[in-house]
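Peer 1: Place chain G on chain Z using the hints.
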Amino acid sequence: MPRSLVSRLGLSAAALAMTACAQGDRSSPPPPGYAQRVLVTTFIEWPSTAEVAGRVAQIGGVPVRDAGQDGPRVYRMTLACNDEPACRDAMQRLSADRAFVQAIERDARQRLPARPERDTSR
Amino acid sequence: MKPSLAQCLSMWMALALPAIAAAPPSDRAPVARRAAATAEQPDRARVIVKFRTDSGLTREAALAATPGREPRVQHAARLTQRLGLALTDGHDIAPRTQVLHARGLRSSELVARLRADPDVEMAWVDERVRATAAPNDPRYAGGQTSITPAAGQWYLRAPDSTLVSAINAEGAWNVTLGSPSIVVAVIDTGVRFDHPDLAGKLLPGYDFVSEDAPGDFRTANDGNGRDADPSDPGDWVTAAESAQVGGPFENCGESPSIWHGTQTAGLVGAATNNGIGMASVGRNVRVLPVRALGKCGGFLSDVVAGMRWAAGLSSNPVVNPTPAKVVNLSLGSTGACAGSLYESAIADLAAAGVVVVAAAGNDAGLAVGKPANCAGAIGVGGLRNVGTKVGFSDVGPEISISAPGGNCVSASGVCQFPLLTTTNSGATGPANNTYSDGIDASLGTSFSSPLVAGTAALMLSINPALTPAQVRALVQSTARAFPTTGGTQGTPTCVAPNGADQLECYCTTTTCGAGMLNASAAVAQAAATRATTALVFATPANPAVGATVVLDGSTSIAAAGRTVAGYQWSLVGASAIATLSAPTNTDKVTVVTNGTGSFTVNLTITDDAQPVPNRASTDFTLTVGAAPAPAPADSGGGGGALSFVWLLGLAVAVMRLARRR
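Chain order of the listed sequences is Z and G. The opening position of the first sequence corresponds to residue 1 in the numbering used here, with each subsequent residue numbered one higher. The opening position of the second sequence corresponds to residue 1 in the numbering used here, with each subsequent residue numbered one higher.
Everything labelled a hint here was simulated from the structure, so no lab data went into it. Check before you lean on any hint, since a few could be wrong.
What the hints assert, rightly or not - What follows is a list of derived Cβ distance ranges for each label pair:
hint	chain 1	residue 1	chain 2	residue 2	range
1	G	352	Z	61	21 to 31 angstroms
2	G	253	Z	102	30 to 40 angstroms
3	Z	89	G	576	41 to 51 angstroms
4	Z	44	G	592	55 to 65 angstroms
Said to hold, decoys possible - Residues of chain G clear of chain Z, computed beta-carbon distances all greater than 12 angstroms:
hint	residue
5	44
6	59
7	72
8	85
9	112
10	226
11	297
12	307
13	335
14	360
15	394
16	427
17	503
18	541
19	571
20	587
From a predicted model like this one, the values you see are computed outputs, not experimental measurements. Cβ atoms here follow ideal geometry from the backbone N, Cα and C, with glycine treated the same way.
In isolation and in its complexed conformation, chain G is listed as follows:
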């Protein structure tokens, strides 16, 4: 029986309202949005004017036009004589439509004069349009009073004299808000799927944490080995476990669960401009959670298997329907990369066009570990807010770039410049989904790395043809120079690692990479070199038989200075399991599936280049699986608030359906 609209609404309310109500007040956006800038300059006018088809000016322009070309407008000279104003031509916008400039009056005054002219069909003020890049997530802005840090998400904003190392994600968002067709894999401890600020941003992912030995799941901590559920059950280690000689966690150190994967995932791709919580660098990109670490880390074999699967290089144990273009590795071990499995895995990923970003490590100035020291990876060091190397960050020539890693300034009390991100309050198993702050601070190169991974995802969103080597080259060539002043008094210059601790120091290009990450410039450079490219993403990404799938080509890219003008969808070959719905010349198309297997759809786009539009085409293959099995009762370590709400909503809906009968 199909539920009615009212039933669906009831279900939605049962699900959504408690979740919204559960969010702390500070996570809700203020009602008022920033007003658009509409102030006119008193002595300078800029307007758009459209002339009538039957006007004398239009006829004259048509007569003067080159055969086969649209007549140019450019009527400033004639209007100058007629109106007695000093007008100059701006650019043509459309047939019979151009921009006009004048001095000595306001735009609105010129509009009024033009509208009174018999040759003019319409005139408008050519308003300054400002990109609404700053998101409405309440923890984003500086000057926070109800939460810590007061600086909010300082690291994403434009740099200033205090926030020297801020990456200017806002500038990057003026170019692109990120494409959902670009996937960033977070190889980590798994994620909390029920975090409201990750809702809709996480792909299903996979859990690669294998058993320690047959029947021994102590590292996995979720009661099983590799499976399809990358939820993070917690990774706490007790003092007894750490002290157990010969045990799997010997000398790991007592620690609470830290929800590391949820933290890195939030920095890359937390839901942004959704009025709650935080913003992410990648904004609209999607996150693929790949769980490879459990209690006290995990095994190299699981990390490498997860990397290969994330990149779509392995179908073991299942096909990855949404391969990643960027892989973030905020993990590692000591030692050289040469000859290690990381070296070959990263080379394979690079050959497949996948960018690998890795954290330098937090051993206070020691040598960079692997995989950040691998030649094909973008190794990321950590910076203080003032641009000096933060004490904990490792150093070395293997580092490609540095980005904020969080710092506290004072030795105690609230930490002033941590990297605020999504986390969970549970000391062992999951409890409440929260955000890190000035008390529970996110600090470390683990969190510098996702800032670079998110930036790489934005670059690929606007220019998917970039190779991993090009991404790294652009990130490095657009980096801002390290400061040589502004550190704590007596701060030395960083030197090559020599086995001794090296705390705050002034970075050099041989110790901390090419410079400070500049997301805005990196994305702008990526955009400047782009070609027209067709992109497709599917919702749902891994459909079951009978599902209706929406294929979305609206994130396709036009060459610099162009816009996408046309879409054409078609099935590649005959398919017995998929039918395309009409029309097939729009940015989205619907596919109805009626059997298991794979089918391929082609999207060809054209841009508005004249006289010959640029064309680009892509084939998108989708695998339709069998109807889903019922969800497992235990998703790995205690359900969160949303699980309870979901069950509550389900119960309400079932009761209402039963009553109707």
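Chain Z on its own, in the form it takes in the complex:
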């Protein structure tokens, strides 16, 4: 095998590995069957969002992706579960950890108030 080809393959493999690392938890699990957006309030401010996401994944036992911070000690992220009950269980595990999680809440869809029907507008 020519040395240049070996070199190219090596570089490609390294690039793939780096991409996988960069994506973190996102690349490791199989494609999730259910995604639950959540808002996690921690007891303390953490130096990085990735660190919080890592701990949430560890405690919840499910992969975590799309993490960001939306306020002091408030982090939004998506739990990538196999199904809805798995996400519910993960949230229960997280809310039970009173050392790390102060509150966990579904990042629920907020709606405009329903448009009134004519018969309720009289």
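Peer 2: Chain G only, in chain Z's frame:
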């Protein structure tokens, strides 16, 4: 090359004339304005008289004066003898100037008699001056014939036997027309910046609608996640989208775009007394559009991030240069507030002095959802024109106050009492900027809430020191009692929510809040408790390097019964990027910027209290950014008429410049 005045005028004409011409005839103000009331009473005179410096009366007053005090006038007794009239003293106005009253003749007759007196320098009729509170916006008045509803903007006028729940914004405008230094954030679906009745009233704002998942912008509907453009691209949902199992809009229901944020923004702060369209409650206050909802609503995380940013509590992702004092939330979800992120966010906003107003919801008498049920929010219920609860409004003890929500009276045909406001005619993407009316009616507690938010902004305009708790207490304590008659025959009394629909009912204080919003009384009470306060706002609010910024302190407040008598501006510390222009003792000052970064300017005002004026001071920090990047080609969902006109104007100007060369 700097454009000439002629070029600027050409540009203005190219921009403004088509926009003005495009406005429908009914949006232009009638030429004639209401005449001032000048009629005199035949047997009662009230005049202002100024005496000569060298008159005997003035000399006598000076001799009788307390040392160090201005001599009082009060010469009615002596003039009574001289003129043979029964005169009585009114109040002193200025040195050698007082009001005089008399019976048995007209004011103009007394003026003539006084002017002939050798001791009198001048005399005038003390005319009754009426505040020109009623705006000239053509859709405001009742008795409309070319548009619907015929009642116009009934909800802003003084209440009467038909418009029982009208909030009397006119009375409030007699106290204040609103201050541009007070900002109301509208956390909503974004706005149509090109609506002519919102021109000059909208701050740049921000779009907090994030991606559904990486690369998935279906909720945002503008092709991107959070960014600096809170334009509303439309929020329509198709039948197929609503039917897609597992899709982001599953069971959202098929619906056209409703331009909800443009509607709420118009009620709070549409340009008023500008001769077109509608009036707003807040009149001169400014609106900060914060887009947190897209198709089928949006996520809690985006709403809360938008609330915190709007209040100036977060600089993520950018600094908000114009933090809001009032936040309107015509949105929400079901469930208790306790333990939710809304609870902590509203507490944080309250601690920062920001008033949160939220719509009760439109589930026809069910329990109030969050955030309107949060303890720190002013939850707003909806009323019919006759003051009963409108069918769709939710009820419960969490509601603080109720305000008109729009109602139609009849089951079909033109809706008689909707809340007319700014909107757009596009069923999907934006089309023409229009107004809602009796056909395309604005109905819902979504529109009751901005009436309260606008009132709160007026209260803060006249008394910026009010805390959120004080604002709510004043709104509640000045509310008018709910009526117990006048509803449709057979209307029951509202009861606590029990899971069943509850349509029109007579409100109680445990179901619809403290009463019917009374903007006039709330603002008057806010004014009565005010202290001298320095206020500053900047134009532009977020300048780029090289910009000349006008800092305006003219909206500063004097204590009740006083006027602002003096201004003094200064730079706080040394600044390498800003220079104050002279003079620095006027209500406005100009700052020239020559670098990026922040600088702080202090304004100290004094009022006319004697012998010791009240003083108030404020520090105003402004951040100067880099020169602006070129505007994005796509502002999020189709340009409106003004965008086209702007491009046309630009093309005309460029062609003229090129010809000159």
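Peer 1: Next, verify each hint and record whether it holds.
Peer 2: Structure-based check of all given hints:
{"no.": "1", "hint": "352(G) to 61(Z): 21 to 31 angstroms", "verdict": "38 angstroms, violated"}
{"no.": "2", "hint": "253(G) to 102(Z): 30 to 40 angstroms", "verdict": "36 angstroms, holds"}
{"no.": "3", "hint": "89(Z) to 576(G): 41 to 51 angstroms", "verdict": "58 angstroms, violated"}
{"no.": "4", "hint": "44(Z) to 592(G): 55 to 65 angstroms", "verdict": "45 angstroms, violated"}
{"no.": "5", "hint": "44", "verdict": "50 angstroms, holds"}
{"no.": "6", "hint": "59", "verdict": "71 angstroms, holds"}
{"no.": "7", "hint": "72", "verdict": "60 angstroms, holds"}
{"no.": "8", "hint": "85", "verdict": "62 angstroms, holds"}
{"no.": "9", "hint": "112", "verdict": "61 angstroms, holds"}
{"no.": "10", "hint": "226", "verdict": "9 angstroms, violated"}
{"no.": "11", "hint": "297", "verdict": "4 angstroms, violated"}
{"no.": "12", "hint": "307", "verdict": "9 angstroms, violated"}
{"no.": "13", "hint": "335", "verdict": "8 angstroms, violated"}
{"no.": "14", "hint": "360", "verdict": "8 angstroms, violated"}
{"no.": "15", "hint": "394", "verdict": "8 angstroms, violated"}
{"no.": "16", "hint": "427", "verdict": "14 angstroms, holds"}
{"no.": "17", "hint": "503", "verdict": "6 angstroms, violated"}
{"no.": "18", "hint": "541", "verdict": "24 angstroms, holds"}
{"no.": "19", "hint": "571", "verdict": "32 angstroms, holds"}
{"no.": "20", "hint": "587", "verdict": "38 angstroms, holds"}
Hint check: violations occur at hints 1, 3, 4, 10, 11, 12, 13, 14, 15, 17; the rest are consistent with the structure.
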